[in-house]
Amino acid sequence: MRYLKHCNPVDLTTEFLASKDWDIIEINLTIDPIQLFEYYHKLKTELADFCFSFDSKDYLRPEIYERFQKEGKVGNYIGNVSAWSVSWPVNRDIPCPSRFQADPNVYPEIKDISQMDFAETAHPQPRYVFGILEKLLNRLSERALRQMLVSNHPAGLQVANHVDSDLKKLHIPLYTNSNAVFTFGENDERVYQMEVGKIYIINPIVPHGTFNGGDTERTHLLSRIDLDYIPEVVGMQGIVE
Amino acid sequence: MDWKIKELNLEFSLQELKNYFDYLERSWIHLRWDADRNDVNDSSKHQIEGVYGWGIQSNLKDLTQPCPPYHVHKEGTQDYRDTALMFGFAESIKEAFPYSRQHSIAVHPPGTVINLHTDTAKWIKIHVPIQGNDNSYFTFEDEKFILEPGKAYLVNTTLMHGTNNLGTTNRAHFFFKIPADMVDDVLTVKKI
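Heads up: the sequence lines are chains A and B, in that order. For the first sequence, the positions run 0 to 240 when numbering that gives the first Met the number 0 is used. For the second sequence, the positions run 0 to 191 when numbering that gives the first Met the number 0 is used.
Simulated from the structure, these hints should not be mistaken for lab results. Treat the hints with care, since some could be wrong.
Stated by the list, open to error - Derived DEER-like restraints, expressed as beta-carbon distance ranges:
(1) A:93 - B:159: 51 to 61 Å
(2) B:130 - A:119: 18 to 28 Å
(3) A:19 - B:49: 45 to 55 Å
Glycine included, every Cβ here is placed at the ideal spot set by N, Cα and C.
One chain only, chain B, in its complex shape:
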């Protein structure tokens, strides 16, 4: 796979996604994970102050505790299970992509930088932007990509990649993982 980012042909309601996000922001603070808490394994020197989000599927033993949207928790396993947040838009995504896992939302405030890195070759990420700005983007060493709300993108996380939010507003994405060998199937899903 030498491509970096592919736009999906997926039709969905951005409003439904925004409603879902707003509901989590308003009424699910008790399941919100904050990067500033000292419960992560992170020696990567990313700039993640103020980053927060929700693990909609969790790899923690206790599903009633906040789960990070990234595989960084000290207690984390590879066993991902639905939390109480698996409803509405998130559930529609899971139904459309039944082989998907690690459904999450992450919010990157201005100044957030995830340095270049690679993730496992077994899984590929799909990002569905909720909100962003013209100075928030993915980087792939020699190229940058601005992802637009209302669209969904395959992100080849097996290549060196990172993110920057150099804008003045938060960047919020819904994202999840699919097995790397399901990329062709994902491209056939038209609607949720």
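One chain only, chain A, in its complex shape:
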């Protein structure tokens, strides 16, 4: 079994969690789906000006922008994504792209910063801390919600099969459809669908990708979770509401 559900935290040893022997952990704690939708709706309306995409010329490193305009893809992203960088080292009143795509001339705070320093200094910007996100921070703490980003995949977007760093990622769907899937395995042979109201931890060192095969967008809150904090989160029960 590579999709873990209702697991006993005791079984989740550091050795196992650091291995390639699992794809996804679904945790017991759930979230009120209505409040997730309300959060998503506010992002799309009141905070729309803080959303970046590969069309955000003024904020991206020039070569990233030019590559997307020319090829229609950047790295593993085949198509345009948009996102809100919730966590950032300083509070910004402009959209913040992901760390390695942001133009350091616009964001001097990320110049020459190490991954460790970025992870430790990036905190939720105040404008995003309201509603269900504020409740999630209170319940899970930043140990499970580091480097938060709300990522929006339009219909048809594919993220090609790849591996990421070993930092474990937490996914919380805000808005999705039944044809938006995660695939795991070298040949994308294991297909999983994530539901609004649930919290998932993915193992990014296992080859994986995504495909939004639906007609509507797929929007997830993503974060990094400390490896040694995973058993405690897995042991949580109840609903965040």
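Chain A is already provided as a structure; the job is to place chain B on it using the hints.
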């Protein structure tokens, strides 16, 4: 080309390079290639015990598998593609030298010796030291060169050359290849 090593006029942030390397050391072990694994074609009697590194571009079919920083893998082809490691400093290098390929990092522990050899005449290597020591150097039969972190160097790999790390600390280099006929162009790149 009768020169052995040329220092580039390239300005870059050594700290950014060190950060990139530290990140790979810390969080990208699953893409790290280790020479001690038995998956290489090597009959050259180099002393490479403990050598490791990352192929930032890979010539393997599966980009999610560790790729050696040298063209030694049994499955290797001449088709190099970006891996997930092509970001940050590595991506800046690729943008500054768009004709470059085989971006890699290799770490040579103390005692590593790459014997004198020549590589293809079609490609020249650029080395960007991350860390080294006074007893780690390139050899060219009758001459040795100590490469310093913070600088970038063209290395004429078409001549007989090798490396020694006779020091007590690891030697780590970021390096990549450029077409041999692009040497003059490389020397005009001032900054990344």
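* Asked: Does the structure break any of the earlier hints, and which numbers would those be?
  -> Number 3 only.
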